[in-house]
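Asker: The chain contents come next:
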Amino acid sequence: MKILVISNSGTTPNMVRGAFQQLNVSNVEVTAVAADDEINGQVTAETCVLVDWEYDPAVGAGMVKTAKESCDKAPVLILSAKAKAGTTFAGMKAGASGVVNKPIDAKDLVTAVAKALKNATEKKPAVNVEFINPFIDATRNVFSTMCGMEAHRKKLFLKDDHKMLGDVSGVMGLTGAATGSVVVSLPKALACKVVGKMLGMDMGAELNPDVCDGVGEVINMIAGQAKAMLVKTKYHFTISIPSVVSGHGHEITHRKGTPNIVVLFETEGMDFALQVCLAPTESND
Amino acid sequence: MAKILVVDDSSTMRRIITNTLKTIGQENIVEAADGVEGLATLTANPDVTLVLTDWNMPNMNGLDFLTKVRESNKTIPVIMITTEAEKQNVVTAIKAGANNYIVKPFTPEVLKEKLADFLD
Numbered sequence: 001m002k003i004l005v006i007s008n009s010g011t012t013p014n015m016v017r018g019a020f021q022q023l024n025v026s027n028v029e030v031t032a033v034a035a036d037d038e039i040n041g042q043v044t045a046e047t048c049v050l051v052d053w054e055y056d057p058a059v060g061a062g063m064v065k066t067a068k069e070s071c072d073k074a075p076v077l078i079l080s081a082k083a084k085a086g087t088t089f090a091g092m093k094a095g096a097s098g099v100v101n102k103p104i105d106a107k108d109l110v111t112a113v114a115k116a117l118k119n120a121t122e123k124k125p126a127v128n129v130e131f132i133n134p135f136i137d138a139t140r141n142v143f144s145t146m147c148g149m150e151a152h153r154k155k156l157f158l159k160d161d162h163k164m165l166g167d168v169s170g171v172m173g174l175t176g177a178a179t180g181s182v183v184v185s186l187p188k189a190l191a192c193k194v195v196g197k198m199l200g201m202d203m204g205a206e207l208n209p210d211v212c213d214g215v216g217e218v219i220n221m222i223a224g225q226a227k228a229m230l231v232k233t234k235y236h237f238t239i240s241i242p243s244v245v246s247g248h249g250h251e252i253t254h255r256k257g258t259p260n261i262v263v264l265f266e267t268e269g270m271d272f273a274l275q276v277c278l279a280p281t282e283s284n285d
Numbered sequence: 286m287a288k289i290l291v292v293d294d295s296s297t298m299r300r301i302i303t304n305t306l307k308t309i310g311q312e313n314i315v316e317a318a319d320g321v322e323g324l325a326t327l328t329a330n331p332d333v334t335l336v337l338t339d340w341n342m343p344n345m346n347g348l349d350f351l352t353k354v355r356e357s358n359k360t361i362p363v364i365m366i367t368t369e370a371e372k373q374n375v376v377t378a379i380k381a382g383a384n385n386y387i388v389k390p391f392t393p394e395v396l397k398e399k400l401a402d403f404l405d
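Here the protein sequences line up with chains A and B, keeping their order.
Start counting the first sequence at 1; every next residue gets the next number (our numbering).
Start counting the second sequence at 286; every next residue gets the next number (our numbering).
The shape of chain A in the complex, shown without the other chains (with noise of 0.2 Å):
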């Protein structure tokens, strides 16, 4: 197993090297360097790339997009020890696969590094994502008719775990021909600002209940709308009430051995994302 640091700190190398140790895990080779221009042909697809976010999100961005560029298979996780919402938006738009958090869990970091390696290397079947252009139309809808913003569709990709990128989540669970769930994921920021101009007022800038209720009507409006688009497909679903999770690094699970994917949208400077996972309700029985 091969592990690259790009940290300017000597420390944060000898902790990774900690962690495989801490568990025993064998032939792990970790090699660091200071900076991206030093990556110089370090990075294989058998090599999992550690960028050390201690730097401002530009330049933590700037490493992950280097490193990728030396080697799109490589994965790359982002080592934060401030892993804000923001930081994660800039580093998975930026190609990055996930976050670890600093202090460094031992049991976290090999596990997120395995897994990491594991994708990147393993053959995929092809997904399915003809469903996905109504959730797409559905948000850029809803944000614009409610909050006259503009989201604009940045990336999409899949993604396994269950940590969401925002601060808080709107949920809308489907159920029906096709079963799964869909989620709107904002920073903490991005949400006051949507709800406010949804009501036409200044919601403050922490999260507070009538921000969340705002999250959940937004989700039931993006599930609804998408609903109505594919009615008379595979993927016709229904829907019930939404749910609204928040809080740093909130886990929300998706069903298990549907693809879950994520894409991400950018409104007025900010990231946001969407995640949807769903599949005909048959082929999950």
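By construction, these hints were calculated from the structure, which means they are not laboratory data.
It is possible that some hints are incorrect.
Ranges of calculated distance between the beta carbons of each label pair, as one might list FRET restraints [stated by the list, open to error]:
hint : chain 1 : residue 1 : chain 2 : residue 2 : range
1    : B       : Lys307    : A       : Gly249    : 36 to 42 Å
2    : A       : Ala205    : B       : Gln373    : 41 to 47 Å
3    : B       : Ile309    : A       : Ala205    : 27 to 33 Å
Ideal Cβ placement from N, Cα and C applies to all residues, glycine included.
Dock chain B against chain A, hints included.
Answerer: Just chain B now, kept in the frame of chain A:
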């Protein structure tokens, strides 16, 4: 002067609707968070002249609420405001006695236009 009952489990949506109503001079508004509360509010406010209701709500959904309202009141205008945008849902609501149907998301202009026929 109209008195309007707004039934929706989302406080955000209730506020969006009431804010829009206030821009057209409709200040006499009562609110409820689900069908059960909606029925109780109607009983307590027999002078309500227009009902706006969501469809998907806990305890009692908007369709059941509408059906219950029609059991005792055939004439009060009831408008569904919902994300349930499929034609079949519209037909179901109209058959159950809804007078009009507004699909979320909506602009204030659409809301005002659809309510115009039911307001003084």
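Asker: When you take the CB atoms of Lys307 of chain B and Gly249 of chain A, is the distance between them in 36 to 42 Å?
Answerer: 40 Å, holds
Asker: Given a hinted range of 41 to 47 Å, is it respected by the beta-carbon distance of Ala205 of chain A and Gln373 of chain B?
Answerer: Between Ala205 of chain A and Gln373 of chain B, where Cβ atoms are some 43 Å apart, the hint holds.
Asker: Honestly, do Ile309 of chain B and Ala205 of chain A meet the 27 to 33 Å range at C-beta?
Answerer: Between Ile309 of chain B and Ala205 of chain A, where Cβ atoms are some 32 Å apart, the hint holds.
In summary, this structure violates none of the numbered hints.
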